[in-house]
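Peer 1: Chain by chain, the residues run as shown.
There are 2 protein chains.
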Amino acid sequence: MADNKKMVREITAMEDDFAQWYTDVVTKADLIGYTSVKGCMAYKPAGYAIWENIQKELDRRFKETGVQNVYMPIFIPESLLEKEKDHVEGFAPEVAWVTEGGYNKLPERMCVRPTSETLFCDFYAKDIESYRDLPKLYNQWCSVVRWEKETRPFLRSREFLWQEGHTAHATAEEARERTIMMLNLYADFCEQVLAIPVIRGQKTEKEKFAGAVATYTIESLMHDGKALQSGTSHDFGDGFARAFGIQYTDKNNKLQYVYQTSWGMTTRMIGAIIMVHGDNKGLVLPPAIAPIQVVVIPIAAHKPGVSEAAEAVRQRLAARFSVKLDDSDNKPGWKFAEAEMRGIPVRVEIGPKDIEAGQAVLARRDTGEKVTVALDELEDKVDEMLKTMQKDMLERARKHRDEHTYVAKNYEEFGDIIQHKPGFIKAMWCGDQACEDKIKEDFAATSRCIPFEQEHLSDVCVCCGRPAKKMVYWGKAY
Amino acid sequence: MADNKKMVREITAMEDDFAQWYTDVVTKADLIGYTSVKGCMAYKPAGYAIWENIQKELDRRFKETGVQNVYMPIFIPESLLEKEKDHVEGFAPEVAWVTEGGYNKLPERMCVRPTSETLFCDFYAKDIESYRDLPKLYNQWCSVVRWEKETRPFLRSREFLWQEGHTAHATAEEARERTIMMLNLYADFCEQVLAIPVIRGQKTEKEKFAGAVATYTIESLMHDGKALQSGTSHDFGDGFARAFGIQYTDKNNKLQYVYQTSWGMTTRMIGAIIMVHGDNKGLVLPPAIAPIQVVVIPIAAHKPGVSEAAEAVRQRLAARFSVKLDDSDNKPGWKFAEAEMRGIPVRVEIGPKDIEAGQAVLARRDTGEKVTVALDELEDKVDEMLKTMQKDMLERARKHRDEHTYVAKNYEEFGDIIQHKPGFIKAMWCGDQACEDKIKEDFAATSRCIPFEQEHLSDVCVCCGRPAKKMVYWGKAY
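Sequence lines, in order, name chains A and B.
Last residue of the first sequence? That's 478 in the numbering used here, and every number before it is there in order.
Last residue of the second sequence? That's 956 in the numbering used here, and every number before it is there in order.
Simulated from the structure, these hints should not be mistaken for lab results.
Quick reminder that beta carbons are idealized off the backbone N, C-alpha and C, glycines included.
Keep in mind that the hints are not guaranteed to be accurate.
Below are the EDC-like pairs computed for lysine to aspartate or glutamate, each with C-alpha atoms no more than 16 Å apart in a straight line [as the list claims (entries may be wrong)]:
id, chain 1, residue 1, chain 2, residue 2
1, B, Lys-759, B, Asp-844
2, B, Lys-802, A, Glu-64
3, A, Lys-28, B, Asp-605
4, A, Lys-149, B, Glu-578
Rough simulated footprint, nothing fancy, chain B against chain A, three-plus residues with beta-carbon under 8 Å [said to hold, decoys possible]:
id, region
5, 74 to 80
6, 87 to 100
7, 112 to 124
Isolated chain A (complex conformation) (with noise of 0.2 Å):
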């Protein structure tokens, strides 16, 4: 990378090569770097960056409703693992295996997490004993592993970084209300800080979490029509406290199970940004999301006193914004293709001429619009544009949503859409999954979800004309 200049050179356009465009993005946006241990990735800062802000937020937003950090062994031994059935079940064949410590073979061989609910309710087994230790809201901040054969960066990898939490009730009622309240928490942040509009429902039986009662899910669709599950939050009724043993003792004095939630969301998000809102000259971010937010770039640097108002500039926008001043000794019109690549929302020029009439100049990432504006009204017009730009990222995703979005009243339709129309497709479902199973095998697409929000497209079912009971999404999926 010694060369800045490569950075900037053109990518490919994402109509010529969807998945070619991706990854240059990711490269050259310096989000990511290639590393020696297959199917790993390296973080470099400023993709890092995206997720410490996705941290941030997300945290501030559990810590809302009540949620405590904490930390969990990153191993698992098998008999653990093993304790709930459906669980071993559904992640046994994507674990990594330690079977040696220092010189010595382990007597029992232990995996790295996929996920930690075995190791939570090993803990609240042992540390939940009466009514008034419950609810147990915790969340970990973590990576976790999973043997995945194909990776891509950010969107399956076999190591990839998270959050899960995991919280025990007294009672289902409650268990189920964390549950739908995480799910609106992520959904809500997609919305506002991610600008990723977000279809919010039910896994089907087949598609739910190994060991879950529920599965809710919020998914997304992708600039190329395909959907991408971006955050799901299960409901475990007391399956697991029943495997694990987690009773506590009510206000009788009775033993009782505790009822089990978990939600998670991950590094994938980033894949989600760059993929809704990223266009042919590179990454936009939303600028409630950006690690920069605003660059300065300086015209005809040279000339007397132009670094100064650059510096000045930058100065007076550090106080509200997050701010980059590329006072580099590259050419404007590089720093901004290199500004454009890394998807800073907003750009300020400013030169000799402008330093004269007291202005500066203002360019949208998104939209390329440029607007001249008064230097003593810098801030607000700045201001205004990250707003502006929050909001119309948010609307334009959702429009390109709804535009692909189709409905399919009878399997004819269902195959003609998913075949030459990407994007979701809404179709009545008779509730079996044998139809769920012929629509994969027909067409690689999935059922995304049951949405809360129902409609009554037809009387049958899309796939096999029986009675219908549900509308499903249905989508090709990262």
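Since the structure of chain A is provided, determine the placement of chain B on it from the hints.
Peer 2: Just chain B now, with coordinates in the frame of chain A:
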């Protein structure tokens, strides 16, 4: 832990059994929980919150010096670990090996990182090309695994949390400067934030990091007179660069090796806080790091107006401090004991008489001192008490350390002190590792560091009597 009252039962006196006192504090102050994963512990909310505050404060200080956060893979392929000869020899005996992924044996085993020099080197070898890419000032927050046989909460466990900084520079001089800069940053952090005084110095050849040219350390003294290595900063010269082929083209277009550093601080600092400041009532947290700085406890809460007054006090204090109102239905005496066990720096009591007189009672955790203050001065008086306590805690720890630092001029004195007076021993050293080995064998004591502030205590080595080269701090250590 159902019955919270268990938490406040008496703990072992530190004079009777320091190790048991320590274990009592970590469990009864609710910092950790034991797990079914041998050698690993669960960080409970009260314990993890201290780490979050350490992270926040260190991270801010790192970033002020230009450091950027990144994240490297959790695994190190064996061939990568082996690239630097000293390094692999140092770490191979204590790593956990992953040998299976999913249902398959891996073609090459990988260890879970015990530290990430090799991963950063592998990354830098790909990422650095020109002098324009330097310096690289990267840091990551993560967990690492070392297969320890004997473990103790926070002090030594198979998995611990830490940050590891890894930098690459164009010159040896710049790398040396960064090494010392980070050591000083750690020292300032320990003294200003954790109220723990430290000795700054260099490790001997025997004690230095595997692969380093020089290791610098800060050493602190626990209440029982044992030393704790509290942070280290390593100067690698170009050793790793040569092993991994990390080169850049300089301004004259000539290929040069980079010079590197690494530096780390870990969750063992939570153990240091406990062992430097704790007392027979439990934990004592320095105000600058306490997750809860002030606890408000209503007296006779059932009487009219008391609950409301306590809540009003909480709200006022919340604007400036991290504060908790204990409105549980336990008795005030029990609440006092619990707040003391948890180390909350300042307690505010308010009861009917106080309300009538427009006052509140403040109590300091470290000294037990109580003062009555007018309600309209509440915030300022609390602030004053927190600041005084922070300052006094550092001074008290420094006094304890100084009173437990001895001078030994010959081997007999050395033996007498090390066996009867726990603490640091300052003594002259010839520079020969044989003397370090002998002292370790005879007394289970190690050289802690060659302090930057040298004193001339005598002309001869305390062990062999040959001419002395340096004054060294010696001690038994955790």
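Peer 1: Confirm or reject each hint.
Peer 2: So, going through the hints one by one against the coordinates:
no. : hint                  : result
1   : Lys-759/B / Asp-844/B : holds (10 Å)
2   : Lys-802/B / Glu-64/A  : holds (15 Å)
3   : Lys-28/A / Asp-605/B  : holds (12 Å)
4   : Lys-149/A / Glu-578/B : holds (14 Å)
5   : 74 to 80              : holds (count 5)
6   : 87 to 100             : holds (count 8)
7   : 112 to 124            : holds (count 4)
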